[in-house]
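Student: Once you've looked at the hints, dock chain B against the given chain A.
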Amino acid sequence: MEVYNTNMLRNDIIFRSFVVLAFLILMISIAAMYYQYIVLERFEIILPEEHTIISTIIYERY
Amino acid sequence: MNAIDIFKADVLECQWDPPTLMLFSDEVAPLVYYTHLLPAFACVCIFLIILFTSRQSLPAKVLMVITSLFTLFALIDLSLWAINDAGQIMFLWSLLTYIEPLIYLACLYLLISFATNQHPSKKTIAAMIILYMPIMLLGPTSLNLAAYDYSNCDRLAIEGALLYYVYFVEIISVIWLFILAKKYYSAASIVRLKRAVIYLMSGLILFLFSFSAGNIIGTVMQEYWGENSWIIGQYGLLGMPIFLAFILYILVNYRSFNSRILGSEALMIGQFILLVSLLFVRTIESSRIIALVTLLIFTLLGYLLVKSVRREVKQREEIEKLADDLSKANKRLRELDRAKSEFVSIASHQLRSPLTAMRGYASMLLDGSYGKLPPKMQPIVEHIADSTTVMISSVEDYLSISRIESGNMKFELSDFNLRDRAQHIAEDLRPEAIKSGLLLLFKSDLKGDGVVHADVGKTDQIIHNLINNAMKYTPKGTISVLVHDNPSKKKLYVEIKDTGIGMSSDTLVALFEKFNRADNANSVNIHGTGLGLFVARSLARAMEGEVTAYSEGDNQGSTFILELPMQR
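Order-wise, the sequence lines are chains A and B. Heads up: the first sequence begins at 1 in my numbering, then just goes up one per residue. Heads up: the second sequence begins at 1 in my numbering, then just goes up one per residue.
One chain only, chain B, in its complex shape:
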């Protein structure tokens, strides 16, 4: 009687029936079916999800390979429990030696393709193949499977030394995985990618740990749990599809990956599975009904929860995007504003020179430098001189604004007597006021010496501007200029009060804005640009002063006050 015959006789003595489809046998405990068929089925589902949703992505393709390999592993492992033919057991068992390290290497491939979005380099692939080569070469030899143990009904193959090499490959793969993950984490410039690498790495490690759980727990805990340790190790397989699904989730959603959404979804799915399993475990009918009702309520509430979390996260992301767009638009606007100021500055400079020449020659014509003007020409030349004066003043305003906005306005601060300057300007403008039928008064009510610390030229410009403004907007009546001080606040004031057209409170609010003119301004003065007051206030503020305006209302007159700091 040869060895095979002895074996076959022994099988008959064990009285095992041949399995159906190489998988289903009465000899196999139901737990083994749960721990193998469930993950295999889940992996097929994951495979199909990838096939129909994201098969274009390279990492997803690699994940498809991993799910296929794992499904194959689970089915072969299961059939090893069920079949009773020694030849088949030996063949399938030796196949497992091939599949196991392949799954580890495929995980490595997945991490590389995810982080770099391309296949690993030729060197890396070659290194993987070289690492795997001994398994392929020695697989059919007795180093892989030494013998078949027929001595009892456990149907075991005796594994040879190649198994240790398989373990070596697996350990090397895990170390390699860690090193690469660290490298990709450091190299990733986007926070989201960094996070995705960590999540993917965790998923892969948990997946591989579940995969080895049977071996690790079986070996380490055998002393304490005995034969049961192998059975407990079987539960590791159940974890694998969960981690595979987690990996898939990261691959597909890493750009919009959000732990809050994932958390709420995982909570819901976990509870769902728990409740469904309760339906099968409970034997009392009433408990089943309660579990069913809970399941229905939970499904509805869980759906609403996930939906609301998704919506909230989406809204927040939209807001973040809007804020980002807004800040970009703001930056662009500031650049445009600066470009505009530069343009105005250049254009104004070009305009000012010819205008000054025009005004100069017009004045000389009026003075009679080129002979007496014919009476008919006199008003025309006067008109030219007036117009150029207005235009020069507008151009000066534009220039001032562009200088203020670009920060190029220079101030030469010194101590000087404000009362003298104000009086001087008022006297200068008096003939013009008289010409317009206005009364221009000057008063001083100083407790101190009236010396301020400011730029003389700019202060003159402001006072001139304010008095001129008062004259423009006062068709008839009085303009009074009052200089007073407040020693306790260390401030000096030039108050210009007129009996002109006044302003409504609405106009007052926007009076000092650029290009803004009072609603009723055009009725008396057609030459304004709406820049004078803006320039005056900007200059005053630059000298730590202020310009303010008051008015009781339309046709009630206005008061403008220039405030400047006293000498230090």
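Pulled out of the complex, with its shape left as it was, chain A reads as follows:
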């Protein structure tokens, strides 16, 4: 009985750690985007002459 309970407890701890970890990854991921796009303003830019080629193979939202 005791073994069973320990197992349950261990599973619970693993599960909770997993959820917390996932949440941390989400936060770090968003923070990374913020840092990259807003603080550093570092991203690729498509120039007018390139656009004509690229737009045929990319997806446009609107």
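It should be emphasised that the hints constitute simulated quantities derived from the structure, not laboratory data. Mixed in with the good hints there might be a few duds.
So, partial list: chain B residues that the calculated Cβ filter (under 10 Å) puts toward chain A [claimed, not checked]: (1) D85; (2) F91; (3) Y98; (4) A157.
Examples of chain B residues toward chain A, derived with CB under 8 Å [to be verified]: (5) Q88; (6) K122; (7) L137; (8) G139; (9) A146; (10) I158.
Far from chain B by the CB rule (all over 10 Å, computed), these chain A residues [as the list claims (entries may be wrong)]: (11) N5; (12) T6; (13) N7; (14) L9; (15) R10.
Quantities reported herein were computed from a predicted structural model and do not represent experimental measurements. Here a beta-carbon is modelled for each residue, glycine too, at the ideal position from N, C-alpha and C.
Tutor: Same frame as chain A, but now just chain B:
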């Protein structure tokens, strides 16, 4: 000149003003505001309704998360139309990649928590997180947003391959949703829950469809409608708060969910919105006044309609509940009645044995088996013998009733001569009648042989009972027993007619009911239990016969007729 500078110069060339509050800009078409701000506002309202009415419920909490996510989505999407800073656009656009699949997964969470009334299992949550993990890990990379397209004034981000994974997650979520809904539908034992699962599923699917409408219609119909297809897709967002409200309605009201109430309410709200919008669309003043008057009348009538439908449905539900209670009470009463019959049966058996012994010994004392009784004791012992006889007869009646009611009465049907039996009983009782100062006559008027098909013992009991009854209720006069038949109906009759106290028509109606005695019965006979006639009729009916009674009125005498089937 680096890329950023080129971009900034380009923005200046486009001559866009920075937006107010990141949302409001002259560059954005009014339609976009309608399709984004209206749903966002409606979602905030739904959020507040849940917060103040049903935040304890787990599915309602999940719905709060969905409304928050959707509001955030709508506002970010709107700001993407309005802002002109490339960095901000890239950041907000990439956030949308995070929010969209989250809404799908949250819908899945909602269905599970609604059907099971608890959080999904750890495995399910872990599976959801694992499914979502690549989005979180790859979100900040160029797989999410490849580049910023500055080549025109559309302010677009170029989406990378991660977008296809997002679509994959969304499709998986919808399939998962269908599978779970089917599972919960089959497992639900209550019809109401089954129905609620279907409604909730429909609400969620419509909600998600509206959500994807921009993408689906925009992609599929682009060939036919061109750029307009994206604009038409925007209307999907308008549907979302409607379906969210529908989902909320089911979550809150599913126990008393009624499509008629919902239908009438939806009709009223829909008409209301239509009329209100007319007020803004119409430019001619007179049309506005007409629309306003119609709106006022409609509001009043609509309110009355919804109220009456609600009341009617409530009444019907109350009636259904009452009927249910009644049938339960009925069942309980039948059980009690059976228990009572069993008790009476057992108690009567216990009483009968000592009573028989008492009567036996009293008779033996009267017969002089133990020597001649002193004259003083003679009337006392006679009294004991009479009382025990009355008591035994009462106990027999109780026993008969309990046997009849429990279905344990056994009948041995055979063919025998009814005239002989009736005559025999009449002769047996004649001395007693003479003792009471009565004249007991026997007559027979038979066309056939007078043979009936019945139980001899039970028939004797009935005739004995009826003649005895006539004697009890006839203080003076004549009792005549007539046996006759009706060959065409294949029936034989024993008619017992007396000149006794008679009965009123009111008494006749309830004469054969259990424990019922004639109003004037106590004036002549104090020993009756009110069971004799009930037993007689029950026995007769069990043998396909009948006992009926007639009387002209009080003091007019009575006639009792036993009817039995002829031999077959």
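Student: Does the no-contact call for A/N7 survive, Cβ to all of chain B over 10 Å?
Tutor: holds (13 Å)
Student: Verify this label for me: A/N5 is non-interface relative to chain B, using a Cβ-Cβ cutoff of 10 Å.
Tutor: At about 16 Å from chain B, A/N5 clears the 10 Å cut-off, so the statement holds.
Student: Taking the shortest Cβ-to-Cβ distance between A/L9 and chain B, state whether it exceeds 10 Å.
Tutor: holds (13 Å)
Student: So, B/L137 near chain A? Judge it on the closest CB pair being under 8 Å.
Tutor: Constraint on B/L137 satisfied, holds at 7 Å.
Student: Beyond 10 Å on every Cβ pair: is that true for A/R10 relative to chain B?
Tutor: holds (12 Å)
Student: Using Cβ atoms and 10 Å as the threshold, tell me whether A/T6 really stays out of contact range of chain B.
Tutor: holds (17 Å)
Student: Does the closest beta carbon of chain A sit nearer than 8 Å to the beta carbon of B/A146?
Tutor: holds (7 Å)
Student: Does the CB of B/Q88 sit less than 8 Å away from some CB of chain A?
Tutor: holds (6 Å)
Student: Would the hint on B/F91 be counted as holding, given a Cβ-Cβ threshold of 10 Å to chain A?
Tutor: holds (4 Å)
Student: Would you check whether B/A157 satisfies its interface hint, that is, whether its CB is within less than 10 Å of any CB in chain A?
Tutor: holds (8 Å)
Student: Identify whether the interface hint at B/K122 stands, where standing means a beta carbon of chain A within less than 8 Å of its own.
Tutor: holds (5 Å)
Student: Can you verify the interface hint for B/I158: is its Cβ closer than 8 Å to any Cβ in chain A?
Tutor: Holds. Min distance 5 Å.
Checked against the numbered hints listed earlier, the structure breaks none of them; every hint is satisfied.
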